[in-house]
Amino acid sequence: VIDAAMRQRLDDLQTDYAHAIDDGQFEDWPGFFIEDSRYKIMTRETHEAGLPMSVLYCNSRGMMSDRVMALRTANIYEPHTYCHVLSRARYESAEDGTITGRTNFSVTRTMQNGRMDLFAVGKYLDTFVEEAGELKFAERLAILDSRRIDVLLVFPI
Amino acid sequence: LFSDEEIYAQEQEKIFRGPVWNLLCMEFDVAQPGDFKTTFVGETPVIVTRDHDGELHALVNRCAHKGALVCLRDAYHATLLHTFYTTFKVNRLDMDGGIIIAPDKWHHISHAKRKTLNEDEEYQKAEVHSAQFDSKLEGPQLLDTWDEFEDGITHSIQAFFPNLCIHFTLNSLCVGRYLPRGVDKTELFWIYLGYERDTEEETEKRVMQVNLTGSAGLVSMEDGCINNFVQRGTRGSEDRSAFVEMGGRGRDDESSENSRATEAAVRGFWTGYRRIMRF
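In the order they appear, the protein sequences are chains A and B.
Per the working numbering: the first sequence = residues 1 to 157.
Per the working numbering: the second sequence = residues 1 to 279.
The shape of chain B in the complex, shown without the other chains (with noise of 0.2 Å):
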């Protein structure tokens, strides 16, 4: 009883998601309207809030998209937009770029080439994440590139099923490999890299860039903490189901597209995982 996994998971079903009452926060913790605590019920966990009538609510705390933790202190949900790739213009959606898909759906590069940006009304206006960020850089060496390939591609990622990704973003090239570390943790590895054949300068930029990616990355350090708050946000809901629809739904009629506002890749990598484990 005191030891035993499947009869503690037993106890957050029958229990903690069953017919009992759980103190969620004291009255005081969400005193005035606006105000918010997050708490759990067993391992579930939850946001209690006062609306502007005064009412409570609560809620679990996991968003409808991919069960990411929605609340820790402000609200936000930014899986998609890197508000520095966006801010500064490395790597939007309004440059020319595209996704290719492995015939077999399983790998994917996606890719774009920054010279090409057409500025979207959208990203001007003041409702993007990105756009709290004043975009002047006052160590604007931070990007200063040389162009690397002829093709114009300035930022390209390609994924191999299931865990290695190559990515190439202005002059930074990067092995990234993924490894599983048990049912909740993955272990990420950045190894970069560099030509014998480069200057001291070309050098220079090329741990420069670093900024922009690794586990201080201006733009990826998101990546790893959205994907423990979805690991941290999905406790408790085992039951219920991510929404990866964005930009089509078809597990075998995916196709290669040009708009990377698409969650095509991420469907292409269940497709393999499904094949292999038979689900």
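Chain A with its partners taken away, still in its complex shape (with noise of 0.2 Å):
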């Protein structure tokens, strides 16, 4: 049974996990995961097909780190910042203490020269854990409505 002061804290890791993408802390991105967590961007058409193919995958934090590192280096994209909404959760806990839920997302995407798209809608769909007194996902994936991507993403959901 998940109690207030449960939901609490999971929506406060969710709430924090978007407010550092969308402020560009993304140095601060894998700490919201375990070291052996997964975290995926998926298509609702390949999710709804069993599909395993992602458009995005890291299997760990230190993949994670590398995507960071990536962005900040060595890709190249036109300057623009994410401002995520979501909705109200729906968690189930497990017989085993872990915790799921899904989360519905809505990701606005502004450029530097003031162009404005919506540039993402979808759900999450999270494993939560508890290490070290702390949550965190264990796993996350974001399924995106769409299967269109406007030029690229470089940014984590």
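Derived from the structure by calculation, the hints contain no laboratory data.
Any given hint might turn out to be false.
Derived SDA-like pairs: lysine to any residue, alpha-carbon spacing no greater than 20 Å straight-line [stated by the list, open to error]:
1) LYS136(B) - ALA70(A)
2) LYS136(B) - LEU118(A)
3) LYS123(A) - ASP96(A)
4) LYS113(B) - TYR85(B)
5) LYS136(B) - LEU71(A)
6) LYS185(B) - LEU118(A)
7) LYS37(B) - HIS52(B)
Join the two chains, each given in its own frame, into one complex according to the hints.
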């Protein structure tokens, strides 16, 4: 059973995650996960077909750090920011102590010249675990409703 | 007058590229030597800079090679060097490889063998863009591969005129299709494949390697935005030419070459295009 205090902690984790990305604090992003975790961005089309292919896939915190290093020093893209808006989440607890959740998101992307686009909408399917008294993601799947991505996806969703 | 595209084009030509003054930016936008500001004259992208003597300069924001925007925030130009490929030694020009061009020039295949890396001095020096990346991965499983084919080829890109591309990188197998969506838009479709006989581990590796290509690819995300920069950089300069003479100039004398530092394949594409379009 997810009590009110636990719900609050889960919501806070999700809020902090979104704010870190929206504020460009990408170095903080891997820390929301446990070391042995999975982060995947998939399209709804692929996910519903039961296929494994992703748009982006990390299976360790180290891979996430590599992504951050790449976007800071190697990749070429037009400067932009995200603004995540999250829905109220539905959480379920499993018998083994893990908690799963679903939260819908929408991400508006703003370019340096002022152009704004609805960049991504979809749902997070999450698995949470406690690690040293802190809640973290063991798995975060970001399922994109659209199969089309405008130009490129460089920041995590 | 308010809806006719031809008149609009004439306005760009006769007014904005004509004998009128245009505000480029405020002086405080480029207060210090080395400052720059990106702006527009009509639709033509322009950069304003202040040099180290304090003088102001303005130039069209377009590279002389293919017409990409030179400047967004930092100056860069990287249509050739895929930073991730070169840094992590996935596909570099100092590996054995080559380019095979079809007899009619319209199609080509470019290939490389990863195990034949013979490091060029140029890559060692911090002079190419790739060298800015510390070449250690915290998640090295990204490049955990197996030898897919016996010929040692680990990277091949096969392009079929006009808009089909079959690529193979490490163990990532993909059919790319490029659909025109209007004069200034193209949609890329990435269709990734595996074999039914693949083991779970092999499937995992193929999925892992999607991190290299596609719209979030550490290598190929640049392809989309570079072409976007060219499209935007050439606005207002439609009467100018691009420069596609790396590795030769020929139109009909093109042949297969061992160096992949060539635009022979691009010239081959335009050979097919001209033949069909009768240009």
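Hint by hint, here is what the structure shows:
1. LYS136(B) - ALA70(A): Holds: LYS136(B) and ALA70(A) sit about 11 Å apart, inside 20 Å.
2. LYS136(B) - LEU118(A): The given pair, whose Cα atoms are some 35 Å apart, is violated under the 20 Å limit.
3. LYS123(A) - ASP96(A): Status violated; Cα separation ~24 Å.
4. LYS113(B) - TYR85(B): Holds - the C-alpha atoms of TYR85(B) and LYS113(B) are around 13 Å apart, at most 20 Å.
5. LYS136(B) - LEU71(A): holds, 15 Å
6. LYS185(B) - LEU118(A): holds, 18 Å
7. LYS37(B) - HIS52(B): Holds. LYS37(B) to HIS52(B) sits at ~15 Å (cutoff 20 Å).
In the structure shown, a violation is registered for the earlier hints numbered 2 and 3, in ascending order.
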